[in-house]
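Undergrad: So the chains spell out like this:
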Amino acid sequence: MIEFKEVYFKYPFEDTYALKNINIRISKGECVFIMGSNGAGKTTLIKHINGILKPTKGEVWVNGKNTKNFTVAELSKIVGIVFQNPDHQIFASSVYEEVAFALRNFKFDEKYIENKVNETLKFFSLEKYKEASPLFLSGGEKKRVTIASVVCYEPEILVLDEPTVGLDLKQRKNLVNLVNELKKMNKTIIVVTHDIDFAIELANRVIIMNEGEVLKEGSISDIIYDEETLRKANLIQPIIPQVVTKLKLSISSKKIITIEDFLTNLEIILKNVKT
Amino acid sequence: MLRPENFIYRPKDTVIHRLDPRSKFYYAFLMLVLAILTIDFNLLLLLLLFTLFPILLGKILKQVLKAIQSSLFFLALIFIINFIFSLNVILALALVIRFLILIISFLAFSLTTSIDDIALSFYKLRFPYDFVLALTLAYRFIPTLFKDAVNIVDAQRSRGLETQKGNLIKRVKNFMPVIIPLLVVAIRRALNVAEAMESRCFGASKRPTNYYELKIKFGDILLFVASTILFIIVLAEILGLVKIAIV
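Sequence order for the protein chains is X and B.
This note's numbering numbers the first residue of the first sequence as 275 and each following residue consecutively.
This note's numbering numbers the first residue of the second sequence as 7 and each following residue consecutively.
Source of the hints: derived by calculation from the structure; they are not laboratory data.
Take the hints with a grain of salt, since some may be wrong.
Straight-line Cα separation of at most 30 Å, DSBU-like style, residue types lysine-lysine; simulated pairs [unchecked claim]:
id	chain 1	residue 1	chain 2	residue 2
1	X	Lys342	B	Lys171
2	X	Lys381	B	Lys179
3	B	Lys171	X	Lys381
4	B	Lys176	X	Lys381
5	B	Lys153	X	Lys506
6	B	Lys179	X	Lys385
7	B	Lys171	X	Lys328
8	B	Lys153	X	Lys279
9	X	Lys328	B	Lys68
10	B	Lys176	B	Lys153
11	X	Lys284	B	Lys18
12	B	Lys171	X	Lys331
13	X	Lys404	B	Lys176
14	B	Lys153	X	Lys294
15	B	Lys72	X	Lys294
16	X	Lys390	B	Lys179
17	B	Lys179	X	Lys404
18	B	Lys153	X	Lys328
19	X	Lys284	B	Lys65
20	B	Lys176	X	Lys385
21	X	Lys351	B	Lys171
22	X	Lys402	B	Lys179
23	X	Lys342	B	Lys153
24	B	Lys176	X	Lys328
25	B	Lys72	X	Lys284
26	X	Lys351	B	Lys153
27	X	Lys342	B	Lys179
28	B	Lys153	X	Lys284
29	X	Lys284	B	Lys68
30	X	Lys294	B	Lys68
31	B	Lys179	X	Lys328
32	B	Lys176	X	Lys390
Please build the complete structure, drawing on both the sequences and the hints.
TA: This is the structure in structure tokens:
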């Protein structure tokens with residue numbers, strides 16, 4: 275379980291707080307999406323989970339451990355973070371070595387590493403690039419390598435920072451499948467994104483941030499029908515809630531999130547519109 | 007920790023910001039020469055006071071204080087080392103003040119002068135355009151590279167990398183996962199910038215025109231004269247030609 279207790283954070287030599295009075299509780303097995311405009315404090319927030327940043331005030335607890343008392347290396351065994359830009363992490367001479375990097379740092383034995391890396395490469399359809407330099411892969415492939423290099427050591431908590439950026443439709447679908455697989459394995463997943471459609475597909479809960487504060491917390495249907503919150507967070511309301519809002523339906527619109535929901539309820543919607 | 011944001015120009019409309027970069031550089035250079043020439047505590051204190059005027063007029067006191075705060079470790083090191091070797095508090099303090107004068111006078115220049123103005127000064131001094139542009143780009147990308155370095159360190163630490171463990175060789179080896187992505191990112195960015203520049207006709211003319219011209223104004227003459235007078239007086243004092251009474 276992850277718990278932020280009255281967390282404030284200020285970067286050294288900065289005047290303003292990047293995080294203000296953050297109180298969040300994320301249970302084991304939850305898939306939580308953190309959304310908000312640029313500079314809202316989303317990345318700063320996730321960097322607290324594995325102790326890269328320590329709170330200026332307040333406490334962050336991860337699986338009963340106060341992050342203030344543990345090193346990043348210790349916390350990273352529990353929390354795997356995949357950062358936004360793959361170029362900021364790729365360095366090894368081959369995809370195999372890149373994926374094995376964290377496993378080696380955590381001192382797993384070589385036989386286990388070999389099996390685990392091969393298994394992960396297969397899962398991510400990266401086997402054919404095993405000996406290739408990750409530096410020369412395409413943007414989407416690099417992204418997969420970075421996710422694979424974290425998923426391979428099976429952290430209990432997985433944090434993905436803007437995972438859909440640079441992915442084509444097929445790779446995006448693969449990512450959705452991966453997150454669903456991890457959800458089935460009861461892993462805690464935290465995703466930072468601007469991609470509201472990605473949240474619709476996966477989120478159990480959404481946290482909207484604005485100017486270092488939590489603006490709203492709730493289910494995806496609570497969020498996508500809250501125009502005021504979306505506006506403050508610079509998020510575009512998806513097309514289906516836009517249509518439903520414009521139609522001013524008297525039925526419970528919050529159930530209509532996806533195109534499938536819309537089509538399922540089409541008959542009721544049409545009746546409602548006519549009246 | 008040294009943070010490049012504290013050493014970088016932010017546009018403001020003040021007397022100092024409006025001055026010609028050449029006159030500001032002349033002032034900073036004279037202060038540097040004087041600070042190096044003298045070790046006299048009183049004279050250095052006088053020079054330190056003089057460096058405060060552009061800081062106050064340029065409204066950059068807060069930024070300067072933050073930059074000094076970033077340099078506190080070096081200031082303390084200068085004081086301690088010199089005190090240990092000389093056992094003279096005044097001398098150790100004088101050397102700290104000398105370092106402060108160097109920082110402050112050059113901050114007065116760098117914090118109030120845009121890199122475009124600095125580049126234009128070089129250009130006007132007939133430096134090749136390629137050199138001027140390289141200088142501008144190198145300066146402009148310092149904060150970006152710094153941010154990249156921070157992100158890379160964070161990403162690698164998140165995968166269990168410990169840069170502070172082991173002997174010197176191990177530590178250097180541990181930095182490879184940081185250095186390689188940093189170099190790759192820097193080279194990729196350089197190539198992207200080169201392509202973007204070429205797409206906008208870079209190299210079509212050896213001496214392209216400028217958006218605006220540099221002009222020496224009254225304020226520049228005033229700074230030039232005041233700096234020169236101070237330089238002459240302090241130099242005369244150093245050479246023993248005059249005696250300045252400082253209470």
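Undergrad: Are any of the numbered hints broken by this structure? If so, which, sorted upward?
TA: Of the numbered hints, all hold.
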